[in-house]
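Residue numbers (our numbering), protein chains in the order written: chain A, 241 to 353; chain B, 111 to 225.
Honestly, the hints are just simulated from the structure, not real lab data.
Treat the hints with care, as some may be off.
In silico lysine-lysine, DSS-like type, Cα no more than 30 Å apart, as pairs [claimed, not checked]:
#, chain 1, residue 1, chain 2, residue 2
1, A, K289, B, K167
2, A, K298, A, K309
3, A, K309, B, K167
4, A, K289, A, K317
Here are some, though not all, of the chain B residues that point toward chain A, as calculated from beta-carbon distances under 7 Å [to be verified]:
#, residue
5, G152
6, F155
7, R165
8, N169
9, G172
10, L200
11, E213
12, F216
13, G217
14, G219
15, L222
No experiment lies behind these values; they were computed from the predicted model shown.
Note that beta-carbon positions come from the ideal geometry of N, C-alpha and C, so glycine has one too.
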Amino acid sequence: AQSVAQPEDQVNVAEGNPLTVKCTYSVSGNPYLFWYVQYPNRGLQFLLKYITGDNLVKGSYGFEAEFNKSQTSFHLKKPSALVSDSALYFCAVRGPGNTPLVFGKGTRLSVIA
Amino acid sequence: KAGVTQTPRYLIKTRGQQVTLSCSPISGHRSVSWYQQTPGQGLQFLFEYFSETQRNKGNFPGRFSGRQFSNSRSEMNVSTLELGDSALYLCASSLGGQGARYEQYFGPGTRLTVT
Numbered sequence: 241a242q243s244v245a246q247p248e249d250q251v252n253v254a255e256g257n258p259l260t261v262k263c264t265y266s267v268s269g270n271p272y273l274f275w276y277v278q279y280p281n282r283g284l285q286f287l288l289k290y291i292t293g294d295n296l297v298k299g300s301y302g303f304e305a306e307f308n309k310s311q312t313s314f315h316l317k318k319p320s321a322l323v324s325d326s327a328l329y330f331c332a333v334r335g336p337g338n339t340p341l342v343f344g345k346g347t348r349l350s351v352i353a
Numbered sequence: 111k112a113g114v115t116q117t118p119r120y121l122i123k124t125r126g127q128q129v130t131l132s133c134s135p136i137s138g139h140r141s142v143s144w145y146q147q148t149p150g151q152g153l154q155f156l157f158e159y160f161s162e163t164q165r166n167k168g169n170f171p172g173r174f175s176g177r178q179f180s181n182s183r184s185e186m187n188v189s190t191l192e193l194g195d196s197a198l199y200l201c202a203s204s205l206g207g208q209g210a211r212y213e214q215y216f217g218p219g220t221r222l223t224v225t
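Just chain A, with the same shape it has in the complex (with noise of 0.2 Å):
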C-alpha cells in the first residue's frame, strides 16, 4: 500500500526567504505525486504534479517541485516566500492503476512579514 511522510508539522519562514516544505513517499511501481495547497475554511487547491519526465516540475503561484526517486521525495519550493503562502500544504501520492489518492499529514506553513 502506498504511503506519504511530511516530518514537519510547521515550516516558519521570513518573507522573502526560500522555502521548502518536505514530502517522502512510499509505493509499488512508479508514483504519481502531487502537491495540494488549503487556505483556512476552504478545499484543497491543486499546485503541481510529477507524472513522468523532468525531475523538477513547476505549478502555479511560483511553486516548484523536485522528484528524487534515490530518495523517494517530492520536495515542494519556492525561491522567495510571501505572507500570502502561508496555509496549509498536503503531498500525495497515488500508484499505478486505480489505486487510491493518499494524503500526508499535511504541513503548516506561516511566512512571518
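With chain A held as given, fit chain B onto it using these hints.
Quick look at chain B alone, frame taken from chain A:
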C-alpha cells in the same frame, strides 16, 4: 468552467440521525472521490466513483455509503451518526479514466457537526 460544488456547506445533526451530502463535479469529469478531514486524522479517503461504479473504498464502517448518478453527480450518506463523524467532508472530481495521472479538483466541503 464552474468548480466542484457541494451542498449543504454546513450541517448540524444529532447522534443517531442520518445525513446525505451532495457533490456536483466539474463538467466533463467522470470521477468523484470523497474524503473526511479532521484535525486528528487528517485527510482520509472514503470512496471513489467512476462512471457510476465504486472504484475504490477506504477503511470506513458500512454506515458510510455513496453513489454516483449518470450525470456524474455524487451523494454520500452517513447513517446512525456518531459524535466522531463531525468533520469536514470534501468531494473532489477528476477526468478519471486511468485515474492515477489526473489531478483532483476539490469542492469547498461540507462541515458536519454531530451533537
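**Study point:** Pairwise hint evaluation, K167 of chain B against K309 of chain A, where the allowed Cα distance is 30 Å at most
**Key:** Holds, at about 28 Å.
Check your understanding: Does the CB of R165 of chain B sit less than 7 Å away from some CB of chain A?
Key -> 5 Å, holds
Practice item. Have a go at the G152 of chain B hint: is there a Cβ in chain A nearer than 7 Å to its own Cβ? Key: At 5 Å from the nearest chain A Cβ, G152 of chain B passes the 7 Å test, so the hint holds.
Practice item. Given the hint that K298 of chain A pairs with K309 of chain A, test it: the Cα-Cα distance must not exceed 30 Å. Key: 17 Å, holds
**Study point:** Per-residue hint verdict: G217 of chain B, partner chain A, C-beta under 7 Å
**Key:** 5 Å, holds
Practice item. Assess, step by step, whether the Cα of K289 of chain A is no farther than 30 Å from the Cα of K167 of chain B, and give holds or violated. Key: 23 Å, holds
**Study point:** Hinted contact L200 of chain B with chain A - closest CB pair below 7 Å
**Key:** Holds, because the Cβ-Cβ distance from L200 of chain B to chain A comes to roughly 6 Å (cut-off 7 Å).
Review point. At a threshold of 7 Å, is the proposed contact between F216 of chain B and chain A supported by beta-carbon distances?
Key: 4 Å, holds
Check your understanding: Was the hint right that F155 of chain B lines chain A, CB cutoff 7 Å?
Key -> 5 Å, holds
Exercise for review: With a cut-off of 30 Å on the C-alpha distance, tell me whether K289 of chain A and K317 of chain A pass.
Suggested key: It holds: about 13 Å lies between the C-alpha atoms, which stays within 30 Å.
**Study point:** Proposed interface contact between G219 of chain B and chain A, which counts if any beta carbon pair is under 7 Å
**Key:** 5 Å, holds
Exercise for review: Would you check whether N169 of chain B satisfies its interface hint, that is, whether its CB is within less than 7 Å of any CB in chain A?
Suggested key: With Cβ-Cβ at 10 Å, over 7 Å, it is violated.
Going through the hint list in order, the structure does not satisfy hints 8, 9, 15.
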